[in-house]
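K.L.:
As they're listed, the protein sequences go chains C and Y.
To convert, note that position 126 of the first sequence is 126 in my numbering; the numbers rise steadily by one, no gaps.
To convert, note that position 161 of the second sequence is 161 in my numbering; the numbers rise steadily by one, no gaps.
Treat the hints as calculated values from the structure; they're not laboratory data.
One or more hints might be untrue.
Computed list of lysine to any residue pairs in SDA-like fashion (alpha-carbon distance at most 20 angstroms, straight line) [claimed, not checked]:
#1 Y:263 to C:252
#2 Y:263 to Y:245
#3 Y:263 to C:291
#4 Y:263 to C:68
Sample of chain C residues lacking proximity to chain Y, with all beta carbon distances greater than 12 angstroms (derived) [what the hints assert, rightly or not]:
#5 59
#6 96
#7 289
#8 296
Model, not experiment: these values are computed from the prediction.
Beta carbons are placed, not taken as given, at the ideal position from N, Cα and C, and that holds for glycine.
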Amino acid sequence: MPTPAPALLIEGLTKDFGPVGSLDGRMVRVLDGVGLSAARGAVTVLLGANGAGKTTTLECAQGLQRADAGSVRLLGEDPWRASPRLRARVGVMLQEGGLPPSVRPIALLRHVASMYRAPLSVDLLAERLGLVGFGAVSIRRLSGGQRQRLALACALVGRPEVVFLDEPSAGLDPQSRTIVFDLINELRADGLAVILTTHLLDDAQRLADYVYILEGGRTVAEGTVADLTADQDADGLRELEYETVPGLTLPTELLPHLQQSEPGPGRYVVRGALTPRDVELLAGWWGANGVMPTAITMAPRSLEDVFLDISGRSIR
Amino acid sequence: MSTRPTPGRRSPALEPRPSGAAAALGTRVVRHGSYEALGMLRNGEQLVLAIVLPLLALVALVITPLLDGYGGSRIDVAAPGVLALCTMSTAFTGQGIATGFDRRYGVLRFLSTTPLGRSGLILGKAVAVAVVLAVQLVVIGGTALLLGWSPMPGGILPAAVLLLLGSAAFTALGLLVAGTLRPEATLAVTNLVWILLAAAGGVIIPARSLPEIVQGFVSVLPSAALGDGLRDAFLDGALDPIASLVLLAWAVLASLAAIRWFKWS
């Protein structure tokens, strides 16, 4: 059986910016041969630190930027020369939303809907995204989460086959987050190609069918979350977390090949290729120093570890 | 204030149906034009610029002797100039400022990803300018008629041609400023240029009555071409070919420059 063509196919995408904005007046290479493909009925996540090239990649795919080299095919067409027909099949949620602050939310959604021949029902979509009741308020008075939900509604109202979501969970309160994540899962189930960027590893781990890790304008790793986090080491454990009194002096010389930190008061994380011998040494150190852990968790390799291994730095 | 969102419940709003198609080009442009026109007419500052200031100018020109000696009654000389002022305020200043801030907020980028597209967005803005200008013509022209304005009937068609060319030229100039400068700078530049042209650009006071040293320069400005052209049309019923050509040249050059230098983000 032939595999269906991907909704989005990017090969060798290169993009230079400048000289405006660059300090020395030279062109800056923002994308340096990015390749990715996004299937229908799947959530494809572009993961990377700020400045890795995620947004520029999306903008080239959306037709907002023109590729300097390489090829971008969106539903088989060149997005830079997108026809209204192609644009009607693609929904876009920009990072800053692209929402006019003086307009009322539902009025904007109705206006965007009016660009399509058979849009979704504005009332039902507004209800589903919790936007009812803002009739008399302008967009500038909405919270960050409400704006994100409105931008998402604007991306979906035209019944797209492909949706681009640039940092959809930025600024979301927990309630909005649940709504947005449920919706993304539904879109996938409906057969849409969902392409989103995030710098939050939790989001990627929760949503992604397929992950591309971007670093310095290149795709440095790709795969399913399971592929990427599958460990080369036999034991497969990469993280040990324990809780006890805050402010311990960490035994770095005892476990020199592991990273140790106290990310929250009294919460300690030991990260790296953990062996049974390391666990024994740590427990011995607790005993010798009268430290009683109140909780101990062992975790396999996370996307964060993958990112750390590839780039040698934390994503945040 | 808000209804509680309903996580987990599948709503008919999201049920898959055949993929959406774009509304027809004309529909998209007219819908976007009326959306932007309503936005401009609902905005207080824009209304001051579009209606209140021109009305004040009209009344001031009728009760002061500023325009005495140009032939015809005060109102006959004043009304065409004030209509030219309206065109500048709507097409250049109002539209430029709105576009500049839409660009800052990413609204232009977002709308260009919808079936409206970049060209539909620009066409829609032109429609919005035409709609607001029509409202101004009714309000300002109506007030002028009440004040005793008696335009030559034969001048209406030439005036319409000039207003169309003038709108095109000033809309393109407004887009050029909005697409190349920061919105704060656009705000400052379009307001300053509006004041300068209104005072000394041949809009209200005919170019030929300005100091001789600046006459040649002023007469090739779009403001003078529109102001003097409209006065000729309404006072004499004639279409001024030079004014028309000047406006056409500004419209073409400013459009080409805007296409070349306009930045969407």
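K.L.:
Now look at each hint and say whether the structure bears it out.
P.N.:
Structure-based check of all given hints:
| no. | hint | result |
| --- | --- | --- |
| 1 | Y:263 to C:252 | violated (53 angstroms) |
| 2 | Y:263 to Y:245 | violated (28 angstroms) |
| 3 | Y:263 to C:291 | violated (61 angstroms) |
| 4 | Y:263 to C:68 | holds (17 angstroms) |
| 5 | 59 | violated (8 angstroms) |
| 6 | 96 | violated (5 angstroms) |
| 7 | 289 | holds (46 angstroms) |
| 8 | 296 | holds (33 angstroms) |
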